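Chemist: Here the protein sequences come in this chain order: P and V.
Positions in the first sequence are counted from 1; adding 313 to them yields the working numbering.
Positions in the second sequence are counted from 1; adding 19 to them yields the working numbering.
Certain hints may be false.
Said to hold, decoys possible - From the structure, some residues in chain P lie toward chain V, with a derived Cβ separation under 8 angstroms:
| hint | residue |
| --- | --- |
| 1 | Ser-400 |
| 2 | Tyr-406 |
| 3 | Ile-427 |
| 4 | Lys-448 |
Simulated from the structure, these hints should not be mistaken for lab results.
All figures in this text were calculated on a predicted structure; none of them were measured in a lab.
Ideal Cβ placement from N, Cα and C applies to all residues, glycine included.
Okay, here's what each chain looks like letter by letter:
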Amino acid sequence: MATTAETDQPHWLQTALIGRRPKRTAVRIVVLIVVCFVWFRFVLLPIRVLGMSMMPAYKENRVNFVNRVAYLFHNPRRGDVVAIRTSGISVMYMKRIIGLPGETVAFHDGQAVINGKILDEPYLKYNCDWELPPKRLGPDEYYFVGDNRSMPEGDHEKGIATRWRIVGKVLL
Amino acid sequence: MNRWFWRTVIAAALVVVAVWLYSVFFPSPERAIRARLAQLAKSASFGGNESPIAAMANSQRVAEFFMEDVEIRLDLPGRVAATLSGREELREKTMALRSIGGGVHVELLDINVALAPDKKSAEANLTFKGRIAGEKDLIVQELKMVLNKIEGDWRIKRVETVKTLSLRAWPENSLSSSGILWRRGPGRGGRSHTFHTRALTLYQFEGTLPTFHRTEILITHD
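Bound conformation, chain V alone (with noise of 0.2 angstroms):
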């Protein structure tokens, strides 16, 4: 009984070993890109004693997460809204940033992945947390990103804000007196979201690059 025992622990650990290591050596698409956007954190992130040759490099190394033709788009109140079109203005602008010194900690947390049916392009819903050596307050924006797979890797294809406040009205004419409402935005990277009412989620995928928009179609019981 004894020996059993002890034969059906060491089992067990064998099979936790092995699936954990078939998730490393074998990431899933979600767990890649996970780790990739924690890699591009890392290299965003730099110190204030910085060398000119070290910010080139590293603004490079930045800029080979994105895809060429990488459109960004952020609005953060009170800091920046810019549009960025191309690799090559991104890393142009990144340099610039690297040069001004001070030094930036970047961390991209709460990373929700939603993956296309083809696996080759994702929507990744995260948020970024920026600590500006010297500046008291941290920049905190939610921002969405659409990944495509090329040659293995992962590139960002594009980036926006996501406005976890929104300032955008109800329509007056969207209380319709059969009681169904429906409303369209962006999707939460598969969360599925508790309503009062009965809703029904559907992710709707726009041509070859997913936006994941979604379609929630709310039945009111009032």
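So here's chain P without its partners, still in its complex pose (with noise of 0.2 angstroms):
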């Protein structure tokens, strides 16, 4: 009886890599891999960030997540950073929102100017003596730049876009 018993029980291995019901093993991996597919794909999308425009809050080479549901209920607000698509999702910018629809947008001094009035902005770490007119965005336009502004305005990928560009939220 002793005997029968052992042979009824699997190997140790076996038990240790698919488990003791293979079936139902396959199955949990089959909708692991879905949910984990879903929701890196479609709820948190993971980035690598390049480049130093949004330094110091976000440094080179840092893994992030960008959140894809963070604007499902409410529209994105000034100071969030966002990723921007380009013509795809495989490479975006990262970008704060400094500008809402509507509004104007101007830099003077190097400080943002949002409908006349200086906007504070204490994530700032570098200084910098930008000068650009006012810009009125659209109905449904947002102003993004970086917080890097330590170098000349014009090799700062900065500006307008429209709300179905902001893939998501940067969540950390």
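Build the complex: two chains, separate frames, hints provided.
Modeler: Shown next, in the form of structure tokens:
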């Protein structure tokens, strides 16, 4: 009897690798793969930060995530750091929103001016001397700029884009 | 029951293989354009140890992806702002770039293709990603290409930069009292966009060369 009982038990290695019920394990693996695919494709998109336009808040080569469902129930807000799509999401810009739809955005003496008032930006660590004339945003447009404004204005990628370009909010 | 199950599985697998083989041997225009642009990216990339003869041959190969009267308008902030006209000028510039050495790795990503109704011309919206050997920063630029089908091959007729983040201001008088806004700008390869207002998107073809300008009519509720 004891011998029979021993033969019914799967080998410990099999138990460790695929469990006591291989069919159930296979189903679990498939479900896990599907959940991971959906989660990391449509909910939290993993990204790697390249470039220095968001320094010092976001340093180069840091891994981060884009929360793609962040704006399902509300619109993007001023100060949010977001991922902006190019022709797809293989390469995206990472910028901070400083101007909201309908507002007028300008730069005077290196400071962002929204609707004629200087914007308080405590996250900025580098001074700049940018001068940009006022730009009025459309009803679906946002103004994006990086945190590192230590370079000449012409070398910093910034500007206006419509809402659909926002992929999601940067998580960390 | 079991026999029929396996027959159905095998039949389904055969159908999948047949569809796959058909798509390989008779690719759709969109697929052919993507493959063509992938070849272009491969040809445009080069290593630092390329010999002058190889550089000349490869520059010629790159030029063959373009039409004789190609027009290229590039504006990469902090890098280059140039206009090239004609395949010969392109070949010369490519040759000059390759002779500098160092090496460049080019990728053309997220290619969205919009075909013209006659299926002989198309617009591709894509992202150029370039890495120059020894440089830390990537070159990333959204591009728009217009391609024409010439003797079975898709050749590039026009290349221009697309400003992902533009500095264009919204016109002061655009918010009309009637609540109807209109705007015109370059299209985005057949993508549909979600607006907080109702949007109607039309694609306009101008002359024989499609420019795929998009006219958006936004009807506001406020």
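Chemist: Evaluate each hint against the coordinates.
Modeler: Status of each hint after checking the structure:
no.: 1; hint: Ser-400; result: 4 angstroms, holds
no.: 2; hint: Tyr-406; result: 6 angstroms, holds
no.: 3; hint: Ile-427; result: 14 angstroms, violated
no.: 4; hint: Lys-448; result: 4 angstroms, holds
This entry does not satisfy hint 3, going by the numbered hints stated previously; all others are met.
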